[in-house]
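Chemist: As given, the protein sequences belong to chains L, E, U and Z, one line each in that order. When we follow numbering that gives the first Met the number 0, the leftmost residue of the first sequence carries the number 0, and every step to the right adds one. When we follow numbering that gives the first Met the number 0, the leftmost residue of the second sequence carries the number 0, and every step to the right adds one. When we follow numbering that gives the first Met the number 0, the leftmost residue of the third sequence carries the number 0, and every step to the right adds one. When we follow numbering that gives the first Met the number 0, the leftmost residue of the fourth sequence carries the number 0, and every step to the right adds one.
One should not assume that every hint holds.
No copy labels: a pair is met if it fits in one copy or bridges any two.
Straight-line Cα separation of at most 30 Å, DSBU-like style, residue types lysine-lysine; simulated pairs [claimed, not checked]:
| hint | residue 1 | residue 2 |
| --- | --- | --- |
| 1 | Lys286 | Lys390 |
| 2 | Lys395 | Lys122 |
| 3 | Lys291 | Lys394 |
| 4 | Lys111 | Lys38 |
| 5 | Lys344 | Lys291 |
| 6 | Lys286 | Lys318 |
| 7 | Lys322 | Lys188 |
| 8 | Lys318 | Lys38 |
Source of the hints: derived by calculation from the structure; they are not laboratory data. Small disclaimer: the values here were computed from a predicted structure and weren't measured.
Number of protein chains: 4
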Amino acid sequence: MTRHMPMEETDHILARAESFIKEKVLPIDNDLVSMTWDKASIVLEGLRDEVRSLGLWAPQMHTEYGGLGLTHEQHGRLSGILGMSPAGHYIFNCQAPDAGNMEILHEFGTEKQKSTYLLPLVKGQIRSCFSMTEPGNAGSNPLMMDTVAVREGDEWVISGHKWFTSSADGAMFAIVMAVTDPENPNPYKRASQIIVPADTPGFQLVRNIPVMGEAGGGYFSHAEIRYDRCRVPYENILGGEGEGFAIAQSRLGPGRIHHCMRWLGICERAFDMMCSYAVQRMMSPGKPLAEKQAIQIWIAELRAEINAARMLVLDAARKIDQKGQEQARVEISIIKFYVANVLQKTLDRAIQVHGALGVTDDIILGWWYRHERAARIYDGPDETHKVRVAKEILKKYTKHSGHG
Amino acid sequence: MTRHMPMEETDHILARAESFIKEKVLPIDNDLVSMTWDKASIVLEGLRDEVRSLGLWAPQMHTEYGGLGLTHEQHGRLSGILGMSPAGHYIFNCQAPDAGNMEILHEFGTEKQKSTYLLPLVKGQIRSCFSMTEPGNAGSNPLMMDTVAVREGDEWVISGHKWFTSSADGAMFAIVMAVTDPENPNPYKRASQIIVPADTPGFQLVRNIPVMGEAGGGYFSHAEIRYDRCRVPYENILGGEGEGFAIAQSRLGPGRIHHCMRWLGICERAFDMMCSYAVQRMMSPGKPLAEKQAIQIWIAELRAEINAARMLVLDAARKIDQKGQEQARVEISIIKFYVANVLQKTLDRAIQVHGALGVTDDIILGWWYRHERAARIYDGPDETHKVRVAKEILKKYTKHSGHG
Amino acid sequence: MTRHMPMEETDHILARAESFIKEKVLPIDNDLVSMTWDKASIVLEGLRDEVRSLGLWAPQMHTEYGGLGLTHEQHGRLSGILGMSPAGHYIFNCQAPDAGNMEILHEFGTEKQKSTYLLPLVKGQIRSCFSMTEPGNAGSNPLMMDTVAVREGDEWVISGHKWFTSSADGAMFAIVMAVTDPENPNPYKRASQIIVPADTPGFQLVRNIPVMGEAGGGYFSHAEIRYDRCRVPYENILGGEGEGFAIAQSRLGPGRIHHCMRWLGICERAFDMMCSYAVQRMMSPGKPLAEKQAIQIWIAELRAEINAARMLVLDAARKIDQKGQEQARVEISIIKFYVANVLQKTLDRAIQVHGALGVTDDIILGWWYRHERAARIYDGPDETHKVRVAKEILKKYTKHSGHG
Amino acid sequence: MTRHMPMEETDHILARAESFIKEKVLPIDNDLVSMTWDKASIVLEGLRDEVRSLGLWAPQMHTEYGGLGLTHEQHGRLSGILGMSPAGHYIFNCQAPDAGNMEILHEFGTEKQKSTYLLPLVKGQIRSCFSMTEPGNAGSNPLMMDTVAVREGDEWVISGHKWFTSSADGAMFAIVMAVTDPENPNPYKRASQIIVPADTPGFQLVRNIPVMGEAGGGYFSHAEIRYDRCRVPYENILGGEGEGFAIAQSRLGPGRIHHCMRWLGICERAFDMMCSYAVQRMMSPGKPLAEKQAIQIWIAELRAEINAARMLVLDAARKIDQKGQEQARVEISIIKFYVANVLQKTLDRAIQVHGALGVTDDIILGWWYRHERAARIYDGPDETHKVRVAKEILKKYTKHSGHG
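Could you put the whole structure together from the sequences, leaning on the hints where they help?
Modeler: Right, here's the structure in full:
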């Protein structure tokens with residue numbers, strides 16, 4: 000259960016996190032993302048230790064497991080700070096996909112699963128991944144899934160083909176979505192989530208998929224995986240047979256919020272870089288770029304939209320805290336597409352202001368421009384969320400009009 | 000001074016206002032706006048009496064003057080309800096330009112000015128107007144002003160040419176911005192505000208300007224006025240010589256908030272009409288327009304933007320309440336352009352969903368489409384506010400960079 | 000058959016038309032649109048006589064009927080000139096809906112129909128209207144139509160309810176779309192077009208529909224009409240029973256081109272007004288609005304889009320000339336939505352540049368802003384045309400992929 | 000001088016080029032761009048030989064030098080085909096920056112310069128680069144340049160710091176813009192262009208700049224270069240002292256056209272991929288993505304804008320052919336920003352349609368998404384071109400109004 004942290008304590012946490020991020024992380028993160036994972040992880044471990052000693056570790060995690068127990072709204076505010084760097088969440092141990100996995104292990108895991116998988120995750124000793132999307136099926140329709148888990152005695156035998164299993168490279172285990180009851184008349188009851196250690200025979204990491212020019216490695220990667228008759232104990236199932244969708248759903252709501260919060264951090268960083276550069280860059284002697292109305296108009300429009308995005312996100316987080324994510328479905332879908340678009344507009348304009356420098360890897364903007372193009376795709380493309388919002392809103396009108 | 004009304008009391012007021020607006024006003028307002036003012040004002044007086052007896056009269060006004068004493072934030076919420084009808088604010092006696100005039104008379108008026116002008120305004124016995132914009136000068140530069148008031152003995156002699164003096168037709172008096180000290184080295188100290196009764200010789204209402212096809216009349220009009228050596232007592236000056244800009248400024252901040260709040264009401268009405276129509280209108284038997292993805296996408300996008308607009312507006316109102324409008328300048332400018340654009344987009348799409356019906360006067364959308372085109376112009380065009388926001392934001396960056 | 004007019008002759012016609020429009024029509028057209036039709040029509044008759052004597056009358060009409068016999072492309076160029084004024088096409092007798100009616104009478108009319116209806120139309124002695132849209136049915140689905148024509152002996156008995164029958168007020172006759180064979184298995188063969196003189200008993204012009212604040216009158220109006228058992232001779236049918244859709248289709252293609260061409264004229268006028276005003280309007284002494292980058296960017300963007308729109312329109316016209324409208328379906332749908340949007344963007348920005356003046360009826364922009372809001376609706380809303388274009392394009396891909 | 004190639008011959012060339020590109024290049028180009036340059040160049044050489052034997056080599060080059068002598072318009076059409084692949088222009092030897100260098104060597108080079116540099120370039124035996132942009136100075140203001148060339152005896156001594164010298168890695172020579180007459184009162188006369196062989200002592204290729212995640216190599220790279228007292232013979236100057244800007248100008252006009260033409264090829268490829276994928280990708284069994292209205296609307300809008308872009312580009316090319324690039328300045332600036340934006344919108348939507356696949360390097364879209372983000376920056380950012388267009392258009396208005 001989440002304790003109610005007093006406002007002042009939260010403000011204090013935010014202030015310390017912000018100082019740390021600005022002083023220790025922002026100056027080096029552009030170098031970090033161009034290192035190999037082997038090198039980067041050493042630097043990151045050092046920073047993680049500092050976070051531990053600052054008492055800011057695993058802020059989203061329940062206190063009983065060594066986290067700070069922040070509410071969604073509180074974590075939202077923090078996340079807007081961590082998001083200023085691509086490495087921020089990792090350094091605080093609240094990064095996707097581990098944070099989501101911690102959440103479902105905490106909520107649905109057995110004691111044994113918790114001690115084996117959750118505890119070392121919370122401590123930051125291992126990494127994990129979540130294996131749901133399949134190359135042959137549209138991610139926006141979760142009912143189309145070809146991976147199966149067949150029970151044979153005390154084991155599950157899992158066969159299938161997944162991709163965009165983020166951070167699988169080096170992960171200790173995967174949580175795999177697989178069809179366990181293909182004939183169930185309720186299609187939302189056909190799949191289950193099963194824990195598969197990465198050293199299970201048949202677990203083949205085919206490749207880290209090259210995404211926007213980079214295959215990456217370690218935490219910063221997205222794997223294609225084949226499950227070739229992987230055998231795991233029956234007890235590795237999470238939360239019961241047929242509960243796969245329900246658990247995924249419980250994971251996706253907060254997960255979307257976390258992405259949105261993180262994007263706000265990116266927006267603030269990009270906005271800040273844009274303004275800084277605009278006052279320094281001279282178009283002619285003594286005439287900085289910031290004097291151009293074209294730039295000024297972008298600054299004002301972005302400020303408006305980033306502010307709006309933040310308020311929408313915090314409002315949705317508050318609603319999840321107070322009424323649960325089911326009641327906040329419309330709000331969550333709205334921020335998923337709204338904030339993703341603000342993010343990409345902000346990055347695009349910040350790059351444009353930087354001119355040729357903006358497209359180089361000498362600054363960090365291009366990294367996000369590439370890696371967050373997917374923000375409008377993962378966890379449901381814009382269009383899917385928009386349709387969902389509209390259908391939800393139209394329900395009450397349809398009822399009144401006597402149609403449907 | 001504003002009393003602190005408990006939250007529940009505010010909610011109660013809002014609920015009663017909403018019922019009244021939905022039951023009594025929305026069903027007739029499209030007829031109202033097509034009547035002559037003579038006819039419309041009779042209907043409106045009846046509705047005003049109902050509001051008085053409901054105890055909802057003059058909600059923005061201080062309690063000592065018979066209002067409800069709402070804060071900016073509370074009035075913002077109410078205004079989002081009243082704005083659902085073009086007549087809402089008038090019926091509650093919190094309409095522009097009278098509300099603004101009440102505000103400055105309350106703050107800057109002498110006792111005599113209050114008893115002569117403020118009290119009957121608050122009671123709704125008279126109407127007033129505010130005469131600032133000039134046809135020959137750009138409204139976005141308040142320093143360009145040709146109207147002058149010259150002191151001759153105990154009188155001001157006012158000469159000038161104004162337009163877009165809204166609701167002058169039938170107003171009992173105008174508050175006129177005029178240059179009184181043209182040589183003052185501080186250009187913001189050159190003008191004063193002077194009360195000019197409409198029956199003053201030389202006060203010529205040239206015409207109600209035809210705006211988007213309608214000259215209108217009475218409250219619903221925008222006058223062109225010539226001040227031809229109008230003589231008024233010296234004591235008709237408001238708040239001191241040279242204080243014209245300062246007072247105008249104090250009036251414009253909240254005035255902009257009030258417009259934004261009202262626009263949110265329009266947005267909600269248009270959004271509601273759009274959804275209602277979409278589920279009723281059949282594209283083919285049994286296939287309502289609401290099933291089209293094109294429409295669904297609009298609904299979702301508008302819901303996101305209207306929600307964002309509301310949060311920005313209430314946030315700005317709260318900031319004015321807590322820190323004063325000077326501190327809320329950026330927020331006020333942001334909502335001025337952001338909400339105006341959401342408004343016009345909402346109206347445009349709501350019309351599009353209604354097809355041919357949407358452009359007829361059989362429904363109210365076209366009225367707003369015409370009369371709120373000016374929302375992106377009056378009280379400062381979008382571009383002016385955007386530039387202002389950017390310059391304010393860039394100040395701290397310029398300071399850091401050592402330029403400017 | 001269309002003769003091939005040499006290029007130089009066309010250029011000469013265009014030059015004379017442009018001089019006439021600029022010298023005689025533009026200076027008075029804003030006054031014209033605010034007159035009653037009775038007054039306006041007198042002025043217009045005088046201008047029409049001048050056009051007749053200039054040898055520019057009925058440019059789109061075949062030479063054998065006294066027109067100039069321009070191709071679609073040639074007429075497109077001319078139309079871009081006439082469109083600069085709301086009265087341009089009327090003055091040259093190539094205005095909708097008469098031009099379309101002339102076209103179908105010419106192509107499908109009997110000799111008697113031609114002598115009775117076409118000849119006086121071409122001479123400009125009468126006006127006509129086209130009665131298709133119904134208030135209860137979505138215009139974008141032509142198969143939903145409730146108006147019926149039942150044969151009784153040598154007569155049709157027509158009953159139904161139409162609206163947006165433009166220019167019906169004062170028209171000598173209507174061409175009415177009515178279902179004549181409701182059981183035909185081919186739904187596109189159910190309706191016919193029948194000529195109904197306006198003095199036929201049962202022809203009730205219910206009202207000129209108030210559109211965007213104006214009911215208008217005479218040519219400048221859109222009527223709601225009830226056909227209450229109107230009896231007309233059987234021979235009043237146009238082109239055969241069941242041919243209604245086919246004829247409507249033949250009318251709509253070129254009709255859409257004509258609208259687009261006219262819109263380009265509006266764009267050029269608005270663009271010209273915007274630039275003129277921008278260099279004259281001073282923001283501060285010696286600093287015209289034209290120096291603001293915000294305005295400059297609009298000018299450049301609009302110039303790009305208006306140029307693009309013109310090329311798309313002339314290309315579609317050429318394709319109709321060379322290959323027929325069936326082959327030009329995609330191009331016609333593309334310009335219908337593309338140009339309508341350029342039009343509204345141009346008007347919106349031109350108004351914005353004019354500030355408060357822009358929303359007044361002192362200049363013509365607001366007239367178009369109001370009356371051309373429907374440009375994205377009439378003759379098929381944007382969304383309908385976009386879906387049509389996509390489906391046409393996707394056909395060849397579907398074929399290749401083996402689906403559909 | 001350009002010969003006038005008959006239309007049929009051009010059509011024949013285009014048809015052969017299209018077959019070649021579609022059959023030989025498109026199937027392998029996504030692999031090509033992920034190879035090292037060493038490997039890629041071997042494949043490319045093979046393809047170049049095929050182009051030579053097809054008689055399609057160096058299509059833009061004058062026939063006397065072994066090219067096809069196409070006009071700008073003809074080459075524009077061809078370029079729209081070659082642009083479908085990132086390697087198309089290189090394979091036909093009409094790639095930037097070599098094509099531009101050939102052009103200026105042809106026009107301004109001495110006989111010796113032509114035999115030494117132009118001939119091997121046309122034959123495809125060497126590569127070259129153009130060294131103008133400086134990291135410390137805004138590219139959009141060509142007058143801000145710090146690189147200098149000082150005459151010492153019969154030599155130029157060149158010192159400076161350049162970047163975004165594309166394809167310098169492996170180039171045989173650079174054409175360098177350097178200030179030779181810093182005190183010239185006419186700032187456009189201060190710089191010259193000088194040929195600097197890459198093996199000149201002091202020519203330091205600091206690095207291939209990592210751009211959007213890739214430093215690239217060989218032809219596919221953008222170098223940072225330091226010129227550290229590079230000494231070259233005086234005769235290496237191109238076209239005379241102080242002629243640097245004039246020559247650059249003559250190079251930039253057609254260069255911008257070439258980019259735009261190439262972008263159209265990218266647009267067509269992306270559009271085609273998008274449509275193909277949409278009909279294949281199933282959202283649910285039997286329900287392809289192509290049936291979604293959201294996708295259909297994108298297809299229609301992109302088709303409209305790509306068509307418009309093509310017409311604007313060909314029109315500008317024709318104008319250059321007929322009246323010279325000076326007369327086509329507005330048209331060139333218009334297409335520079337218009338087409339770049341259509342390009343990025345097309346890529347963005349094509350990626351979105353492909354979902355997760357769209358951001359992977361398994362298909363080519365992401366390569367362009369990354370490498371053509373700079374399209375709105377290089378050769379003048381959008382904003383610079385827009386302001387230029389507006390100022391040119393406003394000139395005649397300013398003249399009329401008596402201002403300026």
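Chemist: Are the hints correct? Go through all of them and say.
Modeler: Status of each hint after checking the structure:
1. Lys286 <-> Lys390: Answer is between; shortest inter-copy Cα gap is 15 Å, intra-copy 51 Å.
2. Lys395 <-> Lys122: Neither, since 47 Å and 41 Å both go past 30 Å.
3. Lys291 <-> Lys394: between (47 Å within a copy, 14 Å between copies)
4. Lys111 <-> Lys38: Result: close neither inside a copy nor across copies, 33 Å intra and 53 Å inter.
5. Lys344 <-> Lys291: both (19 Å within a copy, 23 Å between copies)
6. Lys286 <-> Lys318: neither (47 Å within a copy, 34 Å between copies)
7. Lys322 <-> Lys188: Within. Shortest intra-copy distance 25 Å satisfies the 30 Å Cα cut-off; inter-copy 54 Å does not.
8. Lys318 <-> Lys38: neither (41 Å within a copy, 47 Å between copies)
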